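Asker: Use the sequences and the hints to build the structure in full.
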Amino acid sequence: MSGDTPDPLLALNGVSVTFGGIRALDSLSLAVTPGQIVGIIGPNGAGKTTTFNVITGAYRASAGDVLLNGAAITHEPSHRIARAGIARTFQNIRLFADMTVWEHLLVAQPHSEFALRRLLPTRWANPQALRRAEEVLAFFDLGGVRDRLARSLPYGLQRRVEMARAVTARPKLLLLDEPVAGMNHDEADEIRRLMLKLRDGGLSILLIEHDMAFVMNLCDTLYVLDFGVMIAKGAPDQIRRDPVVLDAYLGHAA
Amino acid sequence: MMSTYYAGLLADVGILLLGALSVYVILATGQLSLGNAGFMGIGAYLTSYLTVTAGVPLTPALLIAAFAAGAIGVLIGFPALRLKGIYLAMATLGFGEMVRSFLLNLEAMGGSGGFHGMRHISNATIWAWAGGILLLVVILERSQVWLEMRAVHDDETAAGLIGLNTTIIKVGAFGFGAAIAAISGGLFAHHHVYIEPGNFSFERSIDFVLAVILGGSTIGPGALVGALLLVILPEYLRFLAEWRFAAFGALLIVMLLVRRQGLLDRGLFGLTARSRAA
Chain A
1 MSGDTPDPLL
11 ALNGVSVTFG
21 GIRALDSLSL
31 AVTPGQIVGI
41 IGPNGAGKTT
51 TFNVITGAYR
61 ASAGDVLLNG
71 AAITHEPSHR
81 IARAGIARTF
91 QNIRLFADMT
101 VWEHLLVAQP
111 HSEFALRRLL
121 PTRWANPQAL
131 RRAEEVLAFF
141 DLGGVRDRLA
151 RSLPYGLQRR
161 VEMARAVTAR
171 PKLLLLDEPV
181 AGMNHDEADE
191 IRRLMLKLRD
201 GGLSILLIEH
211 DMAFVMNLCD
221 TLYVLDFGVM
231 IAKGAPDQIR
241 RDPVVLDAYL
251 GHAA
Chain B
1001 MMSTYYAGLL
1011 ADVGILLLGA
1021 LSVYVILATG
1031 QLSLGNAGFM
1041 GIGAYLTSYL
1051 TVTAGVPLTP
1061 ALLIAAFAAG
1071 AIGVLIGFPA
1081 LRLKGIYLAM
1091 ATLGFGEMVR
1101 SFLLNLEAMG
1111 GSGGFHGMRH
1121 ISNATIWAWA
1131 GGILLLVVIL
1141 ERSQVWLEMR
1151 AVHDDETAAG
1161 LIGLNTTIIK
1171 VGAFGFGAAI
1181 AAISGGLFAH
1191 HHVYIEPGNF
1201 SFERSIDFVL
1211 AVILGGSTIG
1221 PGALVGALLL
1231 VILPEYLRFL
1241 AEWRFAAFGA
1251 LLIVMLLVRR
1261 QGLLDRGLFG
1271 LTARSRAA
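Chains A and B are the protein sequences, given in the same order. Going by my numbering, the first residue of the first sequence is number 1, and it counts up by one from there. Going by my numbering, the first residue of the second sequence is number 1001, and it counts up by one from there.
Calculated directly from the structure, the hints in this document are not laboratory data. These figures come from a predicted structure and were not determined experimentally. Ideal placement from N, C-alpha and C gives every residue a C-beta, glycine not left out. Any given hint could turn out to be false.
[As the list claims (entries may be wrong)] Just a few of them, taken from the derived set where beta-carbon distance is under 7 Å, the chain B residues facing chain A:
| hint | residue |
| --- | --- |
| 1 | Ser1143 |
| 2 | Val1145 |
| 3 | Leu1147 |
| 4 | Glu1148 |
| 5 | Asp1154 |
| 6 | Asp1155 |
| 7 | Ala1158 |
| 8 | Gly1160 |
| 9 | Leu1161 |
| 10 | His1192 |
| 11 | Leu1237 |
[Said to hold, decoys possible] Cβ-to-Cβ under 7 Å is the rule here; a few derived chain A residues that face chain B:
| hint | residue |
| --- | --- |
| 12 | His79 |
| 13 | Arg83 |
| 14 | Ala84 |
| 15 | Leu120 |
[Said to hold, decoys possible] Some chain B residues flagged as far from chain A (calculated, every beta-carbon gap over 10 Å):
| hint | residue |
| --- | --- |
| 16 | Ser1003 |
| 17 | Gly1055 |
| 18 | Arg1082 |
| 19 | Asn1123 |
| 20 | Ala1159 |
| 21 | Asp1207 |
| 22 | Leu1233 |
| 23 | Arg1260 |
Answerer: Following this line, the structure appears as structure tokens:
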């Protein structure tokens, strides 16, 4: 990294992912600076979700390294990567089928593996877990649906629960996979407000999004992927005018 | 005479309750075991060996057997990680049959002739263990670890991505379930004072699973209700003579059609709202 930028929180150095000879990601390098909101955009099949999957350990990189705070997490299992401080949401919401909103927040607590109190009733053995869950519940304004099964909630609220679950363990980096897909304007605005509030609280965010207006006004840096290759990066204003990007992606919409 | 008859039923319920709980804790992580009679057999033979041949008192003998079966359960739990659904069910079934055939060939413990010499235990002893372990499970159900088991049950990938070590959770559940099954076996052996490999067959594994499905697979007390039904219902249906098992089967099918989650579920106990600020 060059001298005048702060050390990145997350860095991908030449990461490639191949599936049976097909390159889903080709030597991708990107960096998330602490306190930034960074966006990944690109057409369908560009490798955006693959990028998330390789960062979180769901896929293995066939080449390159993923670094969190300078330490390689490329070959760590998912739960270790999560504990190291990376949380995520999913493009198709993945909530626990049989859990209430409150239980989603309790189960996503930070872990201390062999503590006896984790075998005892949470209600009286784990006051800090309850406090943290209350905090997150209030932050995401989910108090009114606390004891409802999360899966039974309206779509917009389910997205919020998934985001709340991801944030509960106090990650350093939050990966959001199309957080406002299928949302109406008000719901998307609410998510934007929450993201800014989280960012102001010190969380760095990497997001995948299709809604161009949403990304343009929110992100500090944008990366544009096409067919697994990064074709542009820079501030939203630069990206908006980049002819390569316009051709590959924005051109379709214009 | 009647009281001995009812006492026998009561003992059967307690032993079946433990067997059902052994399936329940493994099922809570989304793994269906059809081999828990195997763990029960290990517990029955090991406890009996310890009390009869080695002269160990019953309580430590049960605990040692539970520990040993738990360790075997953990060993079985690792290859089980690679299997899901019907394939895991088949593999555990294979394990159960393997144990039975091992016991058949274990001449030191009587082989096919069985093993005896255990001292008969009272219903109070059986129920102290069964009730104690049920209580333990009910307490555990309110813990962080249990919530993590449910997360693995609902979505293993998402569970891993929120930082849960799904391997430890699944393997640990297998070990705990195996330990409970072993205690069930130890109590069975000291209730009947005679055991043979045929006691720990596939049908018994199925009984455990049936009790859980009937009583409710999302809540510990479901195993108690299931065990009660499974022991008592065939008795009440006696007037149907040879038809009673058919009637029982029909009842089971109706049950699965109208209330698939079993008689008891979390909602019934207000457990989904258990977190409401006190």
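Asker: So which of those numbered hints doesn't the model satisfy?
Answerer: Going through the list in order, the structure violates hints 10, 11, 14, 20 and respects the others.
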